[in-house]
Structure formats: C-alpha cells, structure tokens
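Dock chain B against chain A, hints included.
Residue numbers (my numbering), protein chains in the order written: chain A, 21 to 370; chain B, 21 to 370.
Treat the hints with care, as some may be off.
Unchecked claim - EDC-like cross-link-like pairs, simulated, lysine to aspartate or glutamate; straight-line CA separation at most 16 Å:
1. B:Lys24 - B:Glu163
2. A:Lys276 - B:Glu349
3. A:Lys276 - B:Glu352
4. A:Lys323 - A:Asp37
5. A:Lys85 - A:Glu69
6. B:Lys291 - A:Asp281
7. B:Lys291 - A:Glu280
8. A:Lys51 - A:Asp167
9. B:Lys276 - A:Asp281
Said to hold, decoys possible - Take a look, some chain B residues computed to stay more than 10 Å from chain A by CB distance:
10. Leu115
11. Ser292
12. Arg294
Unchecked claim - Partner residues aside, some chain B positions facing chain A, computed with beta carbon under 7 Å:
13. Met70
14. Val275
15. Tyr284
16. Arg285
17. Ala293
18. Ile295
19. Glu299
Hints were generated in silico from the structure; no laboratory data involved. Computed from a predicted model, the values in this text were never measured in an experiment. For every residue, glycine included, the Cβ atom is placed at its ideal position computed from N, Cα and C.
There are 2 protein chains.
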Amino acid sequence: MKLKIGKWLDNSGPENDVVLSTRIRFARNLKNIPFEIKASQADQISVLEMVGYALEDLDLLKTGKLLNSQDLTLLYTQYLLERHLVSPDFAGSKLRHALYVDDDETLSMMVNEEDHIRYQVIASGLDFAGSLNRIVEFDDKLESELDFAYSADLGFLTACPTNVGTGMRASVLIHLPGLVLTKEIEKVLRGVIQIGLAVRGLYGEGTETKGNFFQVSNQQSLGRSETEIIEILDKAVRQVIQYERKAREYLGQNVKLEIEDKVYRAEAILKSARIITSEETMNFLGILRLGVIMAMIAEVDLKTINELMIITKPANLQIFYNQEMEPNERDEKRASLIRNRLLNREKPNG
Amino acid sequence: MKLKIGKWLDNSGPENDVVLSTRIRFARNLKNIPFEIKASQADQISVLEMVGYALEDLDLLKTGKLLNSQDLTLLYTQYLLERHLVSPDFAGSKLRHALYVDDDETLSMMVNEEDHIRYQVIASGLDFAGSLNRIVEFDDKLESELDFAYSADLGFLTACPTNVGTGMRASVLIHLPGLVLTKEIEKVLRGVIQIGLAVRGLYGEGTETKGNFFQVSNQQSLGRSETEIIEILDKAVRQVIQYERKAREYLGQNVKLEIEDKVYRAEAILKSARIITSEETMNFLGILRLGVIMAMIAEVDLKTINELMIITKPANLQIFYNQEMEPNERDEKRASLIRNRLLNREKPNG
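Next comes chain A alone, as it looks inside the complex (with noise of 0.2 Å):
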C-alpha cells in the first residue's frame, strides 16, 4: 500500500525552515440538540445524519470522504490521530462518530467529539491568514446548512467554557532545536506563555515534546475576533521563530562541530539502525532537519522528513505495511522503511 502524505506536509509554506504548519479549528454545535455530555445516543445519530446531508448538499464528498464509525477501527483512528486529523479525544471516546477529511487532508471535520463538530484546517509552513480564509469560507458553507447554537452576548456555544466565543484553536507546529540547543527554550516559552499563549506537546494537550517539536496555540477564544487572536499569535510567532533563527546563527558559528557531530550522528544511525523505536525516530528525524536547513546535509529533503515522521508513527507503519504488527515488528519495519528512504531505495510496498 502506498501511504500519501497530508499536503500539509510537502514543506511548501512560508517559514518553512521553523514552522511546520498552520492549522486552525472551529468548534461549533448545532442548535436544539443537547451537548455531547447530555446527548442521547439518537442526538448523536441526527448529528452524524445533518452533518451528513450538509456535506452531500454542499458537494464536499466528491473532494473528500466521510468515515463513520465502522471504518474507524482502533488502528485506524489511531492513523488518523497521528496524521493530526482526529484529536485523542476523539480517538478514545465511545460516542457515535465520524470524520470528514478532503483528499488532501488540509481539511477535517470531527463529528460528535466534544462539541458536534469540530472542523479544521491545516497548512504548510506559517499561514494563518490563508488558513483563516480557508476555513471562513468552509463555515459560511457550513452555515447555510446548518443552524449553530449561537448567543449574542457570548458567541459560538461550546461543551467547554474555554472554547465559547469564536470556538477558535489556531496553532502551529514549531521545531525549535536551536532554542533547545542554546538552552534558551525555557525563557523563550516563558514568554509566549506569559502573552497569554499555550505550548504544548506535538500531539496537543498533555504529550510529549518529541525531537524538539512544539505546538503553540491561542488559549483565548472568547471577547476577540478571530482577527484579532491570530493577530497576537502570529506576532508571537514570528517572534519565536527570530529567536530560534538566531540560535541557529550562534551555533553554526560557535560550535558548528558539535552540532555537526549530532547531525551526522543522527543521519549515520537512521540510515543504519536494523531496530528503532518512534521515539529515538522522531528525536533523529529532528536532528536531522536541523542538519538538512544547516546546510550540513544536502541529499535529504524536508518533505521526505516530513513524510518520515509520520508514516513511521506506529499505526501509520502497520497501515502502510498492510499489517499488524507487535512492537517489536514495528521496530523493524520502521528501521528498514527509514532506510530504504533516506538511502533513496526503490519504496519496499509501492
């Protein structure tokens, strides 16, 4: 099977050297039917069925599909998750779900996750105006469909208090090795967090920070603009990624060696280990990047990193292999799988 990655991830973006992607979310529920936490499993089913109709009436099957609950089996949703087109919650949760996703995977709506839907865009690099526009105009369609519940006072009605107002998340994915590697991360997420901002793991909420990826996003949703919020991010934003250039400057110019050492290290190892796990991948993979933007590697591209941090996520690789596997199997596919790929093989399934 041949796994295509999200557009998302052809590092195409503007600021592609610090920030992987853009991605933003609405949450939304439909009015006259109760929450989530309230909702009867037939309030799920006519959720799942309005939702249907609005995206047949609004013609987005034929660029995208919809997946309801029985294609979304552990391991595929498990897929999903790590392609971040579903959220943990909704990978753990026992209601009647489903999930639209476009062809290209810019483009996601979950249905009965904690709120009735929730749909997102994401995009390369630094783009949150693109991505606004985008998913404007992916909610205006929405609306002429659907009915949201909706106060004047308030804004956009949501399950949790923290998303009422505009039910906006915009964020991005940051690779900040510099900052780690200068020691400065800490000062510098200090103050992203002090404007107001959350940073997270790379899978959101309570994960881990993995080969020096971060996840910075908005936690005000409620008494701004959309405008307005992704005004304050990007300038912060735009701001970390200064820093973090600069870190780099300083460590090409005052211990090229060492990072030199790591990177060729890290290269050395992904194209040799016969046995790795997601973890040591993903810390390599972002030594690596910083190596390739470092102009210290030169036959690796970004996209084939890109691609490599996902399609060697545990489900990704079980999917991809049309198998399923132990961990232990998985280490060794995954090892034999970067390999072939950073030695520029013929693709082994594909």
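Frame of chain A, contents of chain B only:
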C-alpha cells in the same frame, strides 16, 4: 608522524576471534641491592647501570631501545602505558626508572618499578607456550649477566609477597561481548575467579572493563612451576573461549537482528562522528569487532580495529598528531582519525 603498533596487535595469533593477546611477565630483583622500597637513589642508579650493561653485553640494544627518565615524559609514559608496555605503577612512580622495549613491542622490561626489573613478552592471540619459551630464553640470557635474588625454599624474591616464587604473572586479554550480551558473563567470570584466577579491566588491577575486554591472569606465583601455573590458566581460558563462542552462536541464531542493529549502529557512528570520547570509541570498536567476527561486516579487518583501540587513546593520539591537545581537541581528532581509517581514506599524517 606515523605510528607503528605492536606486532602483538596484528591479529595473527591462535584463537584470535576471542583472545587478543597473551602476556607473561617475570619479576626479578638484583642480589645485594635493597628492594625498591628501601633503595636509595644510588641503589636505583646501580640497578639502571647494571641492567644497561647487561643489555649491551647481550646485544639487545640493536633490536630494541632503552628509554631513560629524560625520554619518559608524562605524555610519553602515558603513551607506553596505553600500549601495555609499562604498568600504571611505573607511570605514576617517582623512582629513577627506565624501560627497555624491543622493536616490535613484544618484549619489554621495566627497570625500577615495584621490583628492580620486570620483563614481559606479549604475543598475538592465545599463545602461552610460545610466550613462555620466549621469556624463559630472555630470562636465561639476563641470568648470564645479572645475579637475581633467589631463595632455594621460596624461589625468586620479590618486593610484594604475592609475586614470590616464580615471579610470574601470565594473562590474556580476552574479548567477551557474547557473554556480556547473553548476560552469562558474571557466572562465567565467577567460575574463573573460583579456580584462583583474577579478572581485571583492560589495563590491569583497578581499571575498568571497556568494550567488553577483560584481562584474565594467575594470582598464584608460589608453590607451583611456571608450566603448572600456565596449564591451569590455559585450560580455564580455553573453557571461557568455548563459552564465548557458544554465546555468539546463540546470538547469531536467536537475536541476529538485535546484534546487527548494534553492530551497524556502532559502525555508522564510528564512521560519522565528528567528536568522540575514548570510552565511546572502545565500546563501539568492541561491538564492531564482534560484527566482523560474526561476518556482519566485511570491509573492516580486525587488525585495523586493534590498531584503532591503541592509537585513539589520549596519549597515543597526541603523539600520532605530534601535538599536545586538550580533551575536546582530542575528541575531535580521534573522530577524524577513526573516520579516515574506517573509510580507508589516506592517512591524515604520514
């Protein structure tokens, strides 16, 4: 500067898949001169002179050289220690001492160490018989020139009671990665210790075991002949060799992939690192050695690995590059030297 390595490192000896080298040393003291602990400086000079004359008379200065205190700088003594030509005691001593070493570094003699003289022969692989013949021959020559302190009851008299009798210590340098990886090492070494043998690190008493190299030697020097002592040792070592080979066979049959992973990672790091410590080097070379023997790696030969084990040591490295270096400079030059050797690039210096 081009560094020759001792002939005993050429990997030509028997059982060299497990045993790196065999060493026998005799401790002797000159009659009518106090032991070192009571020797005046004049006594020490007498010893040096008598030994010097003996070497000249025996024509041994044509096939070797006598290094005196002014040759034996701190750095050069460390270099000799790393090459197993002097003991840690000799290196740390304040006595007026000297070292005789023959051209291929397989026969050497410390003058004014713990005893007046201690000489050793060192051979590739497991070769107690050949080594004993050679040292006895040398001993006979010396005895034709020098009077040794000897008691009809006890045998040769030495500064420390543990050496009285034969004055002999025989040992092998043995590589036991198989037993370490199968976790049988402690059991096997306990058995070795129980029959009265000693197990030590690479550089003798109190030194650490690195890269899974061990030194096995006799403890007893009194009450048995040299041949009897060596028979016990030889038998025990041959037993350990069998255990080690079985362990390697087991690894090759049952966890081949795990071993390949370790081997290929070690090779990759040695060929890629830009900075590497002495300790890491020994550990990775030890694994690489196993990989060569288990036929996982074809393009590296054991002689190169043996050579790297020695010339990457701190003092050897500095003498190889003909410059004093701080630890961080050494880590850099070491990485570069290893890379060049393993990639078969032209040797950086000479």
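| query | With d taken as the least Cβ-Cβ distance between B:Arg294 and chain A, does d exceed 10 Å? | reply | violated, 4 Å
| said: Checking one constraint from the list: CA of B:Lys276 to CA of A:Asp281, max 16 Å. Satisfied? | reply: Measuring from Cα to Cα gives roughly 29 Å; hence the hint is violated.
| Restraint outcome when B:Tyr284 is required to lie within 7 Å of chain A by C-beta distance | Holds. Min distance 4 Å.
| field | Per-residue hint verdict: B:Met70, partner chain A, C-beta under 7 Å | value | Since chain A brings no Cβ nearer than about 52 Å to B:Met70, farther than 7 Å, the hint is violated.
| Has the given pair, A:Lys85 with A:Glu69, been kept, meaning a C-alpha gap of at most 16 Å? | holds, 15 Å
| request: Report holds or violated for the interface hint on B:Val275, using the least CB-CB distance to chain A and a cut-off of 7 Å. | output: violated, 10 Å
| said: Given B:Ala293 as an interface hint, is its Cβ closer than 7 Å to any Cβ of chain A? | reply: Given a least distance of 6 Å, the restraint on B:Ala293 holds.
| Taking 7 Å as the limit, does the beta-carbon of B:Arg285 come near enough to a beta-carbon in chain A? | Nearest chain A Cβ about 6 Å off; hint holds.
| message | Given a cut of 7 Å on the nearest C-beta pair, is the interface hint for B:Glu299 held or broken against chain A? | response | Violated: closest Cβ of chain A sits about 16 Å from B:Glu299, beyond 7 Å.
| Within 16 Å, alpha carbon to alpha carbon, are A:Lys51 and A:Asp167? | holds, 6 Å
| said: Next pair to validate is B:Lys24 with B:Glu163; report whether the Cα-Cα distance is within 16 Å. | reply: violated, 31 Å
| Does B:Lys291 pair with A:Glu280 here, judged by a C-alpha cut-off of 16 Å? | holds, 13 Å
The structure does not agree with the numbered hints 1, 9, 11, 12, 13, 14, 19 stated previously, though it agrees with the rest.
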